[in-house]
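Undergrad: Turn these sequences into a full structure, and let the hints guide you.
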Amino acid sequence: MSQKTPRNFFKPLAIGAPDPMRELPVRLERMIHFVPPHLDKVRAKVPQMADQADVVLANLEDAIPSDAKDAARAGAIEMAGMVDWQAKGTGFWSRVNPLNSPWFQDDVSELVLKAGHQLDVIMLPKVEGPWDIHFADQFVAQLEAKAGLKRPILFHAILETAQGMALVEDIALASPRMQGISLGPADLAADRKMKTTRVGGGHPFYRVIDDPNEDGSPRANAQQDPWHYTIARMVDACRMAGINAFYGPFGDISDLDACEQQFRNAFLLGCAGTWSLHPNQIAIAKKVFSPDPNEVKFARRILEAMPDGTGVAMLDGKMQDDATWKQAKVISDLADLVAAKDPDLAAAYSA
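Each residue of the sequence shown is one higher than the one before, counting from 1 in the UniProt record's numbering.
Honestly, the hints are just simulated from the structure, not real lab data. Warning: the hint list may mix true and false statements.
[Stated by the list, open to error] Calculated pairs, BS3-like style, for lysine-lysine (alpha carbon to alpha carbon, straight line, at most 27 Å): (1) K297 x K287; (2) K150 x K88; (3) K88 x K45; (4) K4 x K146; (5) K341 x K88; (6) K88 x K287; (7) K11 x K45; (8) K88 x K41; (9) K326 x K286; (10) K341 x K287; (11) K69 x K146; (12) K326 x K287; (13) K114 x K4; (14) K4 x K41; (15) K45 x K326; (16) K286 x K341; (17) K287 x K45; (18) K146 x K45; (19) K329 x K341; (20) K41 x K146; (21) K286 x K329; (22) K45 x K4; (23) K45 x K341; (24) K11 x K114; (25) K341 x K297; (26) K329 x K297; (27) K11 x K146; (28) K11 x K150; (29) K146 x K114; (30) K69 x K45; (31) K41 x K286; (32) K287 x K329; (33) K297 x K286; (34) K114 x K69; (35) K341 x K326; (36) K318 x K329; (37) K286 x K88; (38) K318 x K341; (39) K41 x K69.
TA: Below, the structure is given as structure tokens:
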């Protein structure tokens with residue numbers, strides 16, 4: 001038997017560990033803002049970032065040099081005490097090093113024992129299958145019990161290998177700790193042997209082209225999104241498991257137009273949020289992953305026309321039924337979450 005029985009799925013994995021959550025906390029997570037904790041100048045800006053971002057993440061993995069891993073870990077623990085994250089309502093996460101690295105156990109042990117009361121989510125990179133989640137699950141439960149934590153720490157997996165992608169459904173269902181999954185396009189591209197050095201986004205060589213024109217004139221063509229299938233499958237796996245899907249990094253921080261378009265594609269396909277690697281991407285994520293005020297107003301008209309979600313209503317010449325009612329509920333509920341944190345959008349939604 002490869003899965004826990006339903007009766008045992010929500011039992012703590014260590015004596016004294018907190019009970020696993022049966023429902024995810026309802027939180028606004030439009031962007032996960034990455035911070036390199038070993039850099040003093042950047043770390044000093046954390047309180048300001050906590051006011052701007054929905055989630056602030058202390059990054060211990062990629063982009064942190066080997067000789068700075070200990071400093072980054074210490075910086076992450078310092079970040080935990082710089083803000084009362086739970087009171088502020090801003091998520092505090094950390095991406096640890098992979099399970100097969102020499103830093104994983106120290107990362108997780110020190111974070112849980114020294115910062116577990118503020119830590120919401122541990123991001124696990126390069127997850128290959130449910131066995132990675134099972135190992136980390138048991139390990140963290142033991143540390144939670146040792147630290148006397150009353151609230152379980154959740155997991156967020158990154159899809160960065162072809163095997164992880166092939167087993168995404170099993171990963172999504174592996175533990176009640178699962179909060180969500182992000183796409184890791186750079187490592188996944190390398191593992192798939194895709195011929196690109198870009199981190200996310202489209203590629204000028206990935207196109208469709210019209211049939212030849214009889215007059216020999218240039219054929220119309222359009223650039224395509226090589227990540228469309230991958231994101232859609234990840235979204236399906238996450239929603240099947242009742243967790244959230246996230247777009248990952250967009251590496252070209254100077255191309256804000258392309259960044260916004262990639263974020264928008266992910267939002268429309270069902271992603272709850274994305275990563276921000278630079279402060280200029282925070283504003284883009286806020287804009288894209290917050291529903292448009294006009295969409296919110298129309299969605300609420302649907303809900304008002306069909307209060308119990310049944311029947312049929314005609315609005316502006318368009319038929320609305322129980323399916324569009326469900327779509328409207330998604331938009332309206334998200335707008336409520338956004339409004340609670342963003343006064344400007346709250347005013348726009350209620351205008």
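Undergrad: Hints first: check each against the structure and report whether it holds.
TA: Okay, the hints, checked on the actual structure:
no.: 1; hint: K297 x K287; result: holds, 17 Å
no.: 2; hint: K150 x K88; result: holds, 19 Å
no.: 3; hint: K88 x K45; result: holds, 16 Å
no.: 4; hint: K4 x K146; result: holds, 24 Å
no.: 5; hint: K341 x K88; result: holds, 10 Å
no.: 6; hint: K88 x K287; result: holds, 21 Å
no.: 7; hint: K11 x K45; result: violated, 39 Å
no.: 8; hint: K88 x K41; result: holds, 22 Å
no.: 9; hint: K326 x K286; result: holds, 23 Å
no.: 10; hint: K341 x K287; result: holds, 13 Å
no.: 11; hint: K69 x K146; result: holds, 24 Å
no.: 12; hint: K326 x K287; result: holds, 23 Å
no.: 13; hint: K114 x K4; result: violated, 30 Å
no.: 14; hint: K4 x K41; result: violated, 46 Å
no.: 15; hint: K45 x K326; result: violated, 40 Å
no.: 16; hint: K286 x K341; result: holds, 11 Å
no.: 17; hint: K287 x K45; result: holds, 22 Å
no.: 18; hint: K146 x K45; result: violated, 32 Å
no.: 19; hint: K329 x K341; result: holds, 19 Å
no.: 20; hint: K41 x K146; result: violated, 33 Å
no.: 21; hint: K286 x K329; result: holds, 20 Å
no.: 22; hint: K45 x K4; result: violated, 43 Å
no.: 23; hint: K45 x K341; result: holds, 20 Å
no.: 24; hint: K11 x K114; result: holds, 24 Å
no.: 25; hint: K341 x K297; result: holds, 19 Å
no.: 26; hint: K329 x K297; result: holds, 12 Å
no.: 27; hint: K11 x K146; result: holds, 17 Å
no.: 28; hint: K11 x K150; result: holds, 14 Å
no.: 29; hint: K146 x K114; result: holds, 11 Å
no.: 30; hint: K69 x K45; result: holds, 20 Å
no.: 31; hint: K41 x K286; result: holds, 24 Å
no.: 32; hint: K287 x K329; result: holds, 20 Å
no.: 33; hint: K297 x K286; result: holds, 19 Å
no.: 34; hint: K114 x K69; result: holds, 17 Å
no.: 35; hint: K341 x K326; result: holds, 24 Å
no.: 36; hint: K318 x K329; result: holds, 17 Å
no.: 37; hint: K286 x K88; result: holds, 18 Å
no.: 38; hint: K318 x K341; result: violated, 32 Å
no.: 39; hint: K41 x K69; result: holds, 17 Å
Hint check: violations occur at hints 7, 13, 14, 15, 18, 20, 22 and 38; the rest are consistent with the structure.
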